[in-house]
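Protein chains in written order, with my numbering: chain A, 1 to 487; chain B, 488 to 579; chain C, 580 to 1066.
Because the hints were derived from the structure by calculation, they are not lab data. In this text, a Cβ means the ideal position worked out from N, Cα and C, and glycines have one as well. There may be inaccurate statements among the hints.
[Unchecked claim] Stretches of chain A that chain C covers, calculated by requiring three or more beta carbons in the stretch to come under 8 Å of a beta carbon on chain C: (1) 26 to 35; (2) 89 to 100; (3) 120 to 132; (4) 165 to 176; (5) 281 to 295.
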Amino acid sequence: MAEYEPVIGLEVHVQLKTQSKMFTRAGYQYGEPPNLFTNPVIMGLPGALPVLNKEAIEQTVRVGLIFDSEIADVCKWDRKNYFYPDNPKNYQISQYDQPLCIGGEVEIELPGPSRNIMGAHRMVKLERAHLEEDVGKLTHGESDSLVDYNRAGVPLLEIVSKPDIFNTDEAVAFLNALRVALSNAGVSDCDMEKGQLRCDANVSIKPKGSDVLGTRTEMKNLNSVSNVKNAIEYEIKRQTEVLEGGGVVTQETRRWNVEGAYSVSLRGKEDAHDYRYFPDPDLMPVKVPTEVVERLKGKLPERPFDMQRRYMEELDLPYTVTSVVCLDGSLSQYFEKALASFNKPKQIANFVVNDLLRELSAAEGDGAMPLSQCKILPEDLAGLVKLIEEGVISNQIAKTEVFPVMFETGQAPSAIVEEKGLKQSTDTGEIEGICAEVIENNPKPVKQFKEGKEQAINALKGQVMKATRGKANPKLVDDILRKLLTS
Amino acid sequence: MDIEYVAKLARISLTEEEKAKFAEQLGDVLENFERLNAVDVSGIEPTAHAFPVYNVWQEDVPESGFSPEEALKNAPAQRANQVVVPKVVDDA
Amino acid sequence: MSTPIYFQTAAELSDALASGSVTSRALTQAVIDRTSAVESSVGSYLHTDAEDALKQADASDERRAAGKALSPLDGIPLSLKDVICRKDHPLTAASRILKDFISPYSATVTEKLQAAGVVLWGRLNMDEFAMGSSTENSAFKSTANPWDLERIPGGSSGGSAASIAAGQTILTLGSDTGGSIRQPAALCGVVGMKPTYGLVSRYGLAAFASSLDQIGPFARTVEDAAMLLQLIVGHDPHDSTSFKTEIPDYREALKQEGPWTLGLPKEYFGEGLDPEVRAAVDSAVKFYESKGCSIKEITLPHTDLAVPVYYIIATAECSSNLARYDGIRYTHRTETAEDGIELYAQSRGEGFGEEVKRRVILGTYVLSSGYYDAYYLRAQKVRTLIRNDFMTAFEAVDAILTPTSPTVAFKKGERSSDPLAMYLSDIYTISTNLAGLPGISIPGGFNSDGLPIGLQLIGKPFQEAELLSVAHAFDSAHDYNRKTPNL
Ligand SMILES: [Mg+2]
Ligand SMILES: [Zn+2]
């Protein structure tokens, strides 16, 4: 029996983070009451006309540059005609045969052998990326449906991969890479739960080694990473069974049923929509000026995986830390800001990855607190590390006494140290007295140390720290203990 | 012309008489259109706009629009500030 | 006997209002009374609101009294074709599908007229969605030609022309996609002008064919048309096809006296041209020659292709533009539909009239899968050839002189059973729209039955000032524009 291998192409729709809509200046915010963000254009009233959003075009050019796409000399706008109640004009303005971005590639990382070992990287080729408008939202009731047009007209960036993805891990990695790159670039929050990133998957299978693509099916509107994974896996299995049973795969559009974890045919090729694309006479074509492309090129964010490689090589950060920091745009920006004010990457990364993320996810409210709401300024986090490095407080005091207060109140670390009297003692006389006392009261480790057992000094240090409630400078304690023990 | 198919695509219900009448009349019209096939259009750019201008766009500054009441003023059926439609399947 | 006030020109009334010899209230009341007296025989209006008009008139009189007139046309009654939005007023486009629609916003031209203090009077009958040449396609009433009530007023802006001819208003606006301003102006013996595509904003004009539609003025004289054009032109950020261009003083420009070089396209004087119409053009030629103009025969070789090109482009665009009238958000909704698809088809089947259905079906067909290249794309290419013909001609001439319509007004019902014959009657006007050029129809005399004959002048893009001055030279030297029908 022939072995089959899948070939997958993804079409990803991403809502851009603009202030106004794609073809009119109505505003938009997620989660507001119904029909609060409409105007004559959004409602598709007689006589209403579209006008392009310049920012959406610039954001798309940015995305194109990030993925090394060619920015089209001229792109135009087309109408995709189909009737549906969430589509107010009954055509969607999109870009059919002259998209804004052509080609390009996205670097993906596959899962490594274990969580702390980097996986293999490869480039997934893009077909194109173009701009279009989102539709409204339908809520289905018992006997009828309700339409809210708030979301209608929000800029959608559609990114289409080539059939260059060969298993579900790669599909998931592709989506993650897009998410990271787009949120790092500040063009979208890519929150799948809010529908800011939605995915359609084209799946076919072919005999292993064959160059001929099989018949593909299209899975619509997969709106979580696990849906994407499950739906593709299901489809590969289904198509394999069809072929192995001697059948043929038919070209069709399928819908994924989340609850039942299966897909059903929505419509076959013969019922495929006849969209009657034609150039929208209401909109003029776009030639992105060279100056604009150059200006945007100058402001591109570092690519996430480039940043990760740099952090590992230049800052000597471990893979596990970089894969947390670099793959979250807001976190890496936060980290870079802190680093700019005090250059101790390892120590700062440690606080960011461990303490900060822990507190954010433990914070009250649904889900983790977004970093944007965190009260600790990156400069203050750097200040905290500086206090440790300068011996003003110990690492332990910093973590247990200072950091939680900073998170709670947003106070500067030095103020907290001052207020709570946490400054570690560098009073040599006082520490000497305590050290002497500890030596006297702990003959056993003293003896062991003198016999050459180096670690035995730690027990003594612990006692000193305990007696000073952690405020003694550990370096100073070490020096004094050694001096007293060897004299 | 497959009048049934086109009417379905256009979402217009037609009576049998209309279908027969249109099929005949539009047949004549399409025959008249045939004259275009005699024209040599090789190398000719299509005119989509009488006077094309590039980059007609606006800055991304939101403007106030309709209140939900204004937006739905003419709606044939509404509830909870939304348009009511017969139940539909997701077939976008 | 002096001319009744409702038959006076806007220029005369502007002076009278300025001098205080007449008030806007008196003028508006006279127009209202005249409308009541002849409306049952002419049938120009779909909607009138006397109280609303008089309120505007009173406000205008107050401004005049305070020396704060907003424009020379402040206080002069003007009616809108029922396809141009005015906030909180009905807009039906003469279609059952919009029977109860109240526009929640105003067209840009409407706002401009209000800012100029013009008194907005009634809403004018037309062919449904501007599709037709006789105003017989209105869902609500038929309009008669004031010169012979058995005959059609032309179309689609039949009400806009007939109401001026009948003294039911002083000025009107119409829209012209393939001759819908110029042809009814010709058949009703008034002036009607289609400006260059992009000179007047289309925002708030219910679209028929977006790449061809243009709003333009109707008036009794060329001078009045110039004064009205002045108020409605200019770049509009809400219309992406609106052109940024220097706006001259059109009335001032009428003082230009030429001499001009006028072209006579030989293709416009062939078969089907009524000899009496031809004779009127010949005498206009003699007039211009007597004014020192030179007359040249020119050729527009692709003229015979204009009808198919026009009907492919216009119907394709209209099939998409009219998709928004769907029974969902604001239009007529059928009471009998069981499901979503039926709701669309039945609402539209019940709401649209025969000609609209015919054109939407035709337009849907030419865009449907497999036909786009053969019809729409090819038509756009031939459109280029038609445009090039004009551009070549304008290298040798300043304006082109033609008949507006091959015949005078025909009898009601005479052509309504043969759409192709009806389509062919637009032969002299549609090329102008395809090329985007300005065109004006002026009264050129009467035939032996006393029916008006129109002369068309076509100008260079955005050279309305010159075109108006050529037209004014003839119009001001003849008294055709002072003749009024016996009603
Ligand atoms: Mg797609
Ligand atoms: Zn899309």
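Taking the hints in turn, this is what the structure says about them:
1. Residue count for the stretch 26 to 35 of chain A with a Cβ under 8 Å from a Cβ of chain C: 0. That is fewer than the three needed, and the coverage hint is violated.
2. A count of 3 residues in the stretch 89 to 100 of chain A with a Cβ less than 8 Å from any Cβ of chain C is obtained; the coverage claim is therefore met, three being the minimum.
3. Counting residues of the stretch 120 to 132 of chain A whose CB falls under 8 Å from any CB of chain C gives 0; the rule of at least 3 is not met.
4. Figure legend: the stretch 165 to 176 of chain A, annotated as covered by chain C; annotation inconsistent (0 residues with Cβ-Cβ distances under 8 Å, at least 3 required).
5. With 4 residues having a Cβ less than 8 Å from any Cβ of chain C, the stretch 281 to 295 of chain A passes the three-residue criterion, so the hint holds.
Going through the hint list in order, the structure does not satisfy hints 1, 3, 4.
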